[in-house]
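Asks: So the chains spell out like this:
Protein chains: 2
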Amino acid sequence: VTIVWLNGALCDADAARIEPTDRGFTMGDGLFETIRAMNGVPARLPRHFARLREGAGVLGLPVPHDDIVLERALREVLAPNALGDAVLRLTLTRGPAARGVLPQVISTPTLSITAAPLPAPLPPARVIVSQVTRRNAFSPLSRVKSLNYLDSILARLEAGRAGADDALLLNTQGDLAEATAGNVFLWVDGALLTPRIEDGALPGICRAVLLETHRITECRIPEHLIDQAQAGFLSNSLGLRSLSHIAGRQLETQYSLPELSD
Amino acid sequence: VTIVWLNGALCDADAARIEPTDRGFTMGDGLFETIRAMNGVPARLPRHFARLREGAGVLGLPVPHDDIVLERALREVLAPNALGDAVLRLTLTRGPAARGVLPQVISTPTLSITAAPLPAPLPPARVIVSQVTRRNAFSPLSRVKSLNYLDSILARLEAGRAGADDALLLNTQGDLAEATAGNVFLWVDGALLTPRIEDGALPGICRAVLLETHRITECRIPEHLIDQAQAGFLSNSLGLRSLSHIAGRQLETQYSLPELSD
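Protein chains in written order, with my numbering: chain A, 1 to 262; chain F, 1001 to 1262.
By construction, these hints were calculated from the structure, which means they are not laboratory data.
Incorrect hints may have been included.
As the list claims (entries may be wrong) - What the simulated footprint calls covered on chain F by chain A, stretch by stretch (three residues with Cβ under 8 Å from a Cβ of chain A suffice, anywhere in the stretch; the number is not a length):
1) 1003-1013
2) 1016-1026
3) 1084-1092
4) 1111-1117
5) 1120-1134
6) 1151-1164
As the list claims (entries may be wrong) - Here are some, though not all, of the chain F residues that point toward chain A, as calculated from beta-carbon distances under 10 Å:
7) Asp1029
8) Gly1030
9) Val1101
10) Ser1139
11) Pro1140
12) Gln1173
13) Thr1180
14) His1214
Yeah, the Cβ is synthetic: ideal placement off N, Cα and C, and Gly gets one too.
Using the sequences and the accompanying hints, generate a full structural model.
Replies: What follows is the structure in structure tokens.
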């Protein structure tokens, strides 16, 4: 039986109960973090907790525990699942509520942590540029890892229909923002480029580490520049993934992925 | 005890269990309908079911029951709650799943129905124009009553901070789209105007009834036109609500709300 951590205690996944009135379920009113664990140790927790608290601030959502309790909870859920190398997911919602868009003044947030085996590294990705939807860089949600994931889901379904592995999302101005579950980096004429936060890139944690440790230019990337990329890769908290094709065009293969420090 | 309908059966709300891995909870991967019931009879069901099925098509989500079963379920949940005049909420999600953005090929959708007393009519609303976020009319989700409600929640919180009752949302082009939980209609120089679907207005059911039965112009409403409105109102499946103020400016009071046929 899988074990999850829910609102302060470990329990069997079969018994873990989210209420049908939970605003996470009824309105996507919450956020999450995806955290890699190696040998039972969750990685980059200070960065994850800082982003969680910043996002919770945008949503006006209290985080019910301090970082020490959160770290203990993340570690606790690994052992009974016999997972050393794992991917943890921490989900925080505004909790159960009566109907209505406006959050109630007093609410009890829901906090759940689940763990899954760390997926094997994936082969280079064929990506398309999504035609069905755009990322809204006018919304503060573009900077929050919120539960409102349907635009990414629609783009990912579109990629699947096109025989691709993932989709790049443009923002409503037509500039590159990110992929459906990670940030995107492109090699263009010897420079490594990545979209700016104000263009709709989620402030990814792996992205931040790369920006601190490599020569990378954050800039506006209009769609025509995507067509000029010689190579590229995606990043998220699970790691990096090369791009093999963009919109059917094969990329060059002599570019290696950057080293990622912890 | 409140009774809810969950995946085919009535049960106590205290026992109704959504799994922590439900994609409605983890990703907002689903949609809903809010339905008014009068004397135990849910209103405008053919329109609600048509919109539900159209939205489910956009999301690539199967609707697990035909309209007859859905109607029976909606009626069933009213009686044990001793509710005649009520507001019903039907929520459909892609159901429990392993992690990953791409939906699994085989999934069991989650369908829940909850009921609450019909709220009393509200006094005329003071509204602001949201400055914190915009509605993404480039996304097909702007035409779906999806669970991704955070932009509306952020705007509604902003309204509360400003001492207002609700917020109008502009789209990323700067044109009026809708309010946080309903469509918006404005009287401008003798004409009654409402934003077009392509401007980011949700295809509201009350909106559709009004358009069929009254002289109303669907048009692009740039922000400066909002400042010229003499009066206006909001609409959703629970009814109409006059506007008393927009962005602190008092509106005229001689305009009456249109009659709403069923």
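Asks: Indicate, hint by hint, whether the structure satisfies it.
Replies: Hint check:
Counting residues of the stretch 1003-1013 of chain F whose beta carbon lies closer than 8 Å to any beta carbon of chain A gives 3, which meets the minimum of three for the stated coverage. By the rule of at least three residues with a Cβ nearer than 8 Å to a Cβ of chain A, the coverage given for the stretch 1016-1026 of chain F holds, with 10 such residues. Residues of the stretch 1084-1092 of chain F with a Cβ under 8 Å from some Cβ of chain A number 3, which satisfies the need for three, so the listed coverage holds. Only when three residues or more bring their CB closer than 8 Å to a CB of chain A does the claim for the stretch 1111-1117 of chain F stand; here the count is 3, and the claim holds.
For a cut-off of 8 Å, the count of residues in the stretch 1120-1134 of chain F with a CB near a CB of chain A stands at 3, and the three-residue condition holds. Coverage of a stretch by a chain is defined here by at least three residues with a beta carbon nearer than 8 Å to that chain's beta carbons; for the stretch 1151-1164 of chain F and chain A the count is 7, and the condition holds. Using the Cβ-Cβ criterion of 10 Å, the hint placing Asp1029 of chain F at the interface with chain A is satisfied: the shortest such distance is roughly 6 Å. The interface hint given for Gly1030 of chain F holds, since its Cβ lies 9 Å from the closest Cβ of chain A, which is under the 10 Å cut-off.
For Val1101 of chain F, the interface hint holds, the least distance from its beta-carbon to any beta-carbon of chain A being 5 Å, beneath 10 Å. For the restraint placing Ser1139 of chain F at the interface with chain A, the shortest Cβ-Cβ distance is roughly 5 Å, inside the 10 Å limit, so the hint holds. Checking Pro1140 of chain F against chain A by beta carbon gives a least distance of about 6 Å; that is within 10 Å, so the hint holds. For Gln1173 of chain F, the shortest C-beta to C-beta distance to chain A is roughly 8 Å, which falls under 10 Å, so the interface hint holds.
Evaluation of the Thr1180 of chain F hint against chain A yields a held restraint, the C-beta minimum of about 5 Å falling below 10 Å. Look at His1214 of chain F: its Cβ only gets to about 26 Å from chain A, farther than 10 Å, so that hint breaks.
Against the hints set out earlier in the document, a violation occurs for number 14 only.
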